[in-house]
Amino acid sequence: TVLPFVLSDCTAKLEIDMQKALRAVHNVLSLYYEDFRGLSPQTKGFKQKSATEGFTSRKAIGRILMTRGRHLLLLLVLACLVALSVAGKDYYEVLGVSRDASSAEIKRAFRKLSLKHHPDKNPGDENAAQKFAEVASAYDVLSDEEKKTKYDRYGEEGLNNAGGGGGHDPFDIFSQFFGGGGRNRREREPSRGPDVVMPLRVSLADLYNGKSLQFSIRRETICHHCHGKGAAHEEDVHVCNECGGQGVKTTTRRVGPGFIQQFQTTCEKCHGKGKIYTSTCPICGGRKVEMADLSFDVDLDKGTPDGFEVELENYADEISGQPAGHVRLQVLTAPHPIFTREGDQLWMDMDISLRESLVGFNKTFTHLDGRRVEVVRDEITPPRFVTVLKDEGMPKQHSPSERGQLHIKYHVKFPESLSDEQKVGFRELFSMK
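By full-length UniProt numbering, the letter at position 27 of the sequence shown is numbered 27, and the numbering carries on one by one without gaps.
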């Protein structure tokens, strides 16, 4: 009766499970039971009696503890300390399964928890990363029959002493379980579906003035009937018993003394899906997705540059089991009949006559915002001459009150022919000093 009281006091102060401690003490004392028998003639005699009467080792240890004093009390304290260290981590508790859970139940628990706590789905969450590592360690032990037996008998300390606990990369365990083999953390797959880049053709006037445009896309969405299962009913989806739900089969072949080759092939039974379907969804035909039209407004600031991307989060095709990717709308400027854009600079061509190039002119044009802009010159304007109008270019995207410049290039239109009278007039004009 001493054992329960001592352990109760120890476990109460350290907040550990009483049954775990009792089980661990029993395991430790069982390991050293042969030493206990040699402590005194009384214990030897008791051992002989217990053997003849068929007592269990647990009852024998209890009788020894009651008949011996200081020697066994010291050993009991040692066993208690060992028990406390052993009982620190419960792998069954980590996976949320009972101690008599089947291999299939352990696999299902690992699949669910590893996907839930995977760092790719919880970026920057240290608690999720720690939980992911614990889940991987628990599965590494409980999925191996030899390790599981040692753990059930001696606890985590027994695994450490046997060299079978820890030291495994949780990402390797995760990858091997899902059929991908070991891989580096830098090679992890993205946590969402692929992004889609789509052109958004916009007029130069809309980019000059700013615009709210309505945009429509057609994308794949999770089937509303089967919710991405692909079957008419959820119970019609079964894990492939050929590959265990991994979609691949691993084959090992000995290629020489001490050399083993391991390679993977797509499971022929489930065609790499990992699941078998006994019915087909009447809506999506087993594709798990259906087409849907989606419309939304896109706000473009004044001066939005050509090539600018508007990101619409999670608007790409939906994929069962992961968030949808992003749609990136890439702004492409539609050609304008008058103006050409170069960053925040605008260019335009203006035709003038020979007379205007010589004596000057007064012209107007309509700007992109509808204003009438006047251009006046009273000097000679040679061909391809450029006039620069300050603050008449494109607005700057993040400072719309600031604008670039407008460059006007002049093209002199020469007459195709001259009359005799015009020729005389030009000769007299150019002969003047």
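Please note that a few of the clues may not be correct.
To be verified - Keeping only pairs whose Cα atoms sit at most 30 Å apart, straight-line, the calculated DSSO-like set for lysine-lysine is: (1) Lys396 - Lys423; (2) Lys121 - Lys302; (3) Lys423 - Lys302; (4) Lys423 - Lys390; (5) Lys302 - Lys269; (6) Lys423 - Lys363.
Unchecked claim - Pairwise CB distance ranges (calculated): (7) Gln322 - Val298: 49 to 59 Å; (8) Ser417 - Glu311: 36 to 46 Å; (9) Arg371 - Gly321: 48 to 58 Å; (10) Glu402 - His227: 50 to 60 Å; (11) Glu402 - Thr364: 20 to 30 Å; (12) Glu234 - Ala292: 44 to 54 Å; (13) Glu309 - Gln345: 19 to 29 Å; (14) Pro383 - Arg219: 30 to 40 Å.
Source of the hints: derived by calculation from the structure; they are not laboratory data. Every residue, glycine too, gets a C-beta built ideally from N, C-alpha and C.
Status of each hint after checking the structure:
Restraint check for Lys396 and Lys423: not satisfied, since their Cα atoms lie roughly 51 Å apart, outside the 30 Å limit. A hinted pair counts as satisfied when its Cα atoms are at most 30 Å apart, and Lys121 with Lys302 does not qualify at roughly 37 Å. For the given pair, Lys423 sits about 52 Å from Lys302 by alpha-carbon distance, which is inconsistent with the 30 Å threshold. Only pairs whose Cα atoms come within 30 Å are accepted, and Lys423 paired with Lys390 is rejected, the gap being roughly 40 Å.
In summary, the hint linking Lys302 to Lys269 is not supported, as the alpha carbons are separated by about 57 Å, beyond the 30 Å threshold. A C-alpha spacing of about 27 Å is found between Lys423 and Lys363, which places the hinted pair at or below 30 Å, so the restraint holds. Remark: the range hint 49 to 59 Å for Gln322 to Val298 is contradicted by a beta-carbon distance near 25 Å. One distance hint, 36 to 46 Å for the beta-carbon pair Ser417 and Glu311, is violated here, with the actual separation near 60 Å.
Restraint check, Arg371 to Gly321: a C-beta distance of roughly 55 Å satisfies the suggested window 48 to 58 Å. Separated by about 52 Å at the C-beta atoms, Glu402 and His227 satisfy the suggested range of 50 to 60 Å. Evaluation of the 20 to 30 Å hint for Glu402 and Thr364 yields a pass: the beta carbon distance comes to about 25 Å. The given range of 44 to 54 Å is broken by Glu234 and Ala292, whose C-beta atoms sit roughly 22 Å from each other.
A C-beta distance of roughly 22 Å is found between Glu309 and Gln345, which places it inside the suggested range of 19 to 29 Å. At about 53 Å, the CB distance of Pro383 to Arg219 disagrees with the hint of 30 to 40 Å.
Hint compliance for this structure: hints 1, 2, 3, 4, 5, 7, 8, 12, 14 are broken, all remaining hints hold.
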